[in-house]
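Colleague: For reference, the chains in residue letters:
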Amino acid sequence: SQKIEQNSEALNIQEGKTATLTCNYTNYSPAYLQWYRQDPGRGPVFLLLIRENEKEKRKERLKVTFDTTLKQSLFHITASQPADSATYLCALSYYGQNFVFGPGTRLSVLP
Amino acid sequence: DVKVTQSSRYLVKRTGEKVFLECVQDMDHENMFWYRQDPGLGLRLIYFSYDVKMKEKGDIPEGYSVSREKKERFSLILESASTNQTSMYLCASSGGTRETQYFGPGTRLLVL
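Chains as they are written, first to last, in the numbering used here: chain A, 117 to 227; chain B, 156 to 267.
No lab work stands behind these hints, which were simulated from the structure alone.
Certain hints may be false.
Each computed SDA-like pair below joins lysine to any residue, with the alpha-carbon atoms no more than 25 Å apart [said to hold, decoys possible]:
(1) LYS168/B <-> GLY132/A
(2) LYS158/B <-> ARG167/A
(3) LYS158/B <-> ARG174/A
(4) LYS225/B <-> ARG174/A
(5) LYS226/B <-> VAL216/A
(6) LYS119/A <-> ASP183/B
(7) LYS179/A <-> GLU254/B
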């Protein structure tokens, strides 16, 4: 079955720097790869989606890349702010199949 | 904006009680899901539904049942609550292509 790994359980960075989070999967490439943000005690919130035929997607300070050869997605937050502190989940989905979620990376942006 | 609402944010129940968690979405999505989320275990799929009155077991269906009588509403039922069902319960919905999921705020259930 598909397994997803996210680079680390926790990541601390300094305000203003770029945060880079990694998502690796083991099996065949998904149709869609998504990134979600989750704040403590709340449900995940959808951030960005990238399709299997796309290399990169941007939204404001967020950028997602998708490398099907490496079986990896990178999620970047540029000019990070303390308000970006949260847990970030990646998820894969396939046509007609259910979502598979990674364990998440807890990002702390230090002032 | 897609809106997924859950009936309660916090719930405290006694062992053996029947518990109903309700979820409503306003985007006419075909698919609805129930997950539980526990520290160190991530999101685990309990049940999902791809149409009214249709349901499929997820990874951890034991001790749970579901009901989907209307397209916008998906209920999770704990027939006889147990302490190991203390958890955060998350409902989500998605469209037919399952490109992405939209989650509710979650219900934190404590079973004493």
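Colleague: Indicate, hint by hint, whether the structure satisfies it.
Modeller: Against the structure, the hints:
1. LYS168/B <-> GLY132/A: Roughly 45 Å between the alpha carbons, so the hint for LYS168/B and GLY132/A is violated.
2. LYS158/B <-> ARG167/A: Holds. LYS158/B to ARG167/A sits at ~24 Å (cutoff 25 Å).
3. LYS158/B <-> ARG174/A: It holds: about 24 Å lies between the C-alpha atoms, which stays within 25 Å.
4. LYS225/B <-> ARG174/A: 37 Å, violated
5. LYS226/B <-> VAL216/A: With Cα atoms ~23 Å apart, LYS226/B and VAL216/A stay inside 25 Å; holds.
6. LYS119/A <-> ASP183/B: Measuring from Cα to Cα gives roughly 31 Å; hence the hint is violated.
7. LYS179/A <-> GLU254/B: Holds, because 18 Å separates the two Cα atoms, which is no more than 25 Å.
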